[in-house]
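Enquirer: Protein chains in written order, with UniProt numbering: chain C, 1 to 290; chain V, 1 to 222.
Don't read these hints as lab results, they were simulated from the structure. Accuracy of the hints is not assured; some may be wrong.
Looking from chain C toward chain V, a few residues come up when the C-beta cut is under 8 Å (computed) [said to hold, decoys possible]:
{"hint": "1", "residue": "L122"}
{"hint": "2", "residue": "I169"}
{"hint": "3", "residue": "A177"}
{"hint": "4", "residue": "Y222"}
It should be emphasised that the depicted structure is a prediction, and the values quoted were computed from it without experimental measurement. Cβ atoms here follow ideal geometry from the backbone N, Cα and C, with glycine treated the same way.
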Amino acid sequence: MSLRELFEKRKFVLTAEIEPPKGTDVSKFLETAESLKGKVDGINVTDQQSAVMRLGSLAACHLLRDKGFEVIYQITCRDRNRIALQSDLLSAAVLGIENVLILTGDHPCLGDHPDAKAVFDLDSVQLLKVAKSLGEGHDIAGNELKKAPKLFLGAALNPCADPLEPEFIKTEKKVKAGASFFQTQAVYDTERFKQFTENIKHLNVFIMAGIVLLKSAKMARYMNEKIAGVNIPDPIIERIEKADDKRKESIEISVSIIKEIQKFCHGIHFMALGWEELIPEIITRLNLTK
Amino acid sequence: MIVGERKPIKEILEMIDKFEKVLVVGCGTCVAVCFAGGEKQVKVLSSALRIARKIQGKNVIISEFTIERQCEKEFVEELKELVPKHDVIISLACGIGAQTLTENFPEKITLPGLNTTFIGAPLEHGIWAERCRSCGDCILDLTGGICPIARCSKSLLNGPCGGSKNGKCEVDQEIDCAWQLIYKRLKQIERIDLLSEIIPPRERSKTDNGIPRKIVREDLMI
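Here chain C stands alone, though its shape is the one from the complex (with noise of 0.2 Å):
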């Protein structure tokens, strides 16, 4: 079932997320994605996450589109300009891909090609609107398509931003740029992303939670002092530190984390940034199985 239709049926929707490989050996991705097969509802690809080259989203898409995954497929603004991206939009429909995710993107000075020209031709939110205009026919120019896309489209929030206020207003805009489902950042505070979503329950729109796997106390503290919105607290920090299974605390603090907030969004989406061997025993836990 299509992503679109999950959500309009009122399913739980389960993604995760994966990254190409850095060259052309797809063979490690594809095993990944093969051991989330009827786990979850859809694959994620991230578009050169952290500003990292490698094998392109739109084409480890396709891939596991032809092995019959449902896939949501990340465009950023970072490396294209306004006809690029609207190509590769267009490219991903005429593949069968619908679900797109639409990032602003880490700055090139983040990644592995700190000289590398940052383009942002478009932010997300035009690049949302554009999508939306693509899906109605017309491009950015007013020029009239061929067949327009058929597109799903989605975005980020930040439910634990601060200041809070200028994110709720971008996902204001997001929404009535075309946006129809969020993926948020990692959820720790429960109690925030509670409020978050209670104060744009109006919007009408499909939140997935984003859970990241905790790996260690480090990664935690680390999480804590570089990501926007990101603010593990302490007893969740301690109890990742003084677990001697590392693997098992983190499928404990996620369960711990998704069972509280699960009536406050219509679906989970993984990011286990390797650790994706342990998202079907969470989704078990959890009594989710597909």
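Dock chain V against the given chain C, drawing on the hints supplied.
Expert: This is chain V only, laid out in the frame that chain C set:
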């Protein structure tokens, strides 16, 4: 103002390696104000080059001259007598000044002694920061007088990217998040409503799409 930084002596030395009679030309405008290419910096550079060449055991004759505005033909004409006596010119002006010298003295080579860095303002003594990208389509009216094109690392027009932490940009903790500044300012002037407007994509054909720009004012033409 246009802010510049002098190139390292080593780089300038390499550029003038084959030349003996060198004319160092300063500019008394922007780059003088930012202590990169004014009369004093011409003196400092010339002395450094003389010493360096002496150490290299190579002869050099360096003349120094600073004109008020190196970007204007009328001012550059002051160099008419001096230029023919030299093999090469080092311009200590911005790239505009250096190109004006090339255009006015095509028989000589003009070398850049400065890197033109940005259009900015002095924040305190010894610190300058970028404030304008000369995009050609000013939107300061929509952003509380703070330019997201020059001051947001991604030049975003519709709000923060979500990467800033504690009000600082994701690329560098020293850089303020422009959208945080804009938000605070709009709140202060009670125009937070402006944040809700979707600012459309830039019309880059009118702004900064690489095509050299030109202004023609017929009312001023003689």
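Enquirer: For each hint, tell me whether it holds in the structure or not.
Expert: Hint-by-hint comparison with the structure:
no.	hint	result
1	L122	holds, 5 Å
2	I169	holds, 5 Å
3	A177	holds, 6 Å
4	Y222	violated, 12 Å
Checked against the numbered hints above, the structure violates only hint 4.
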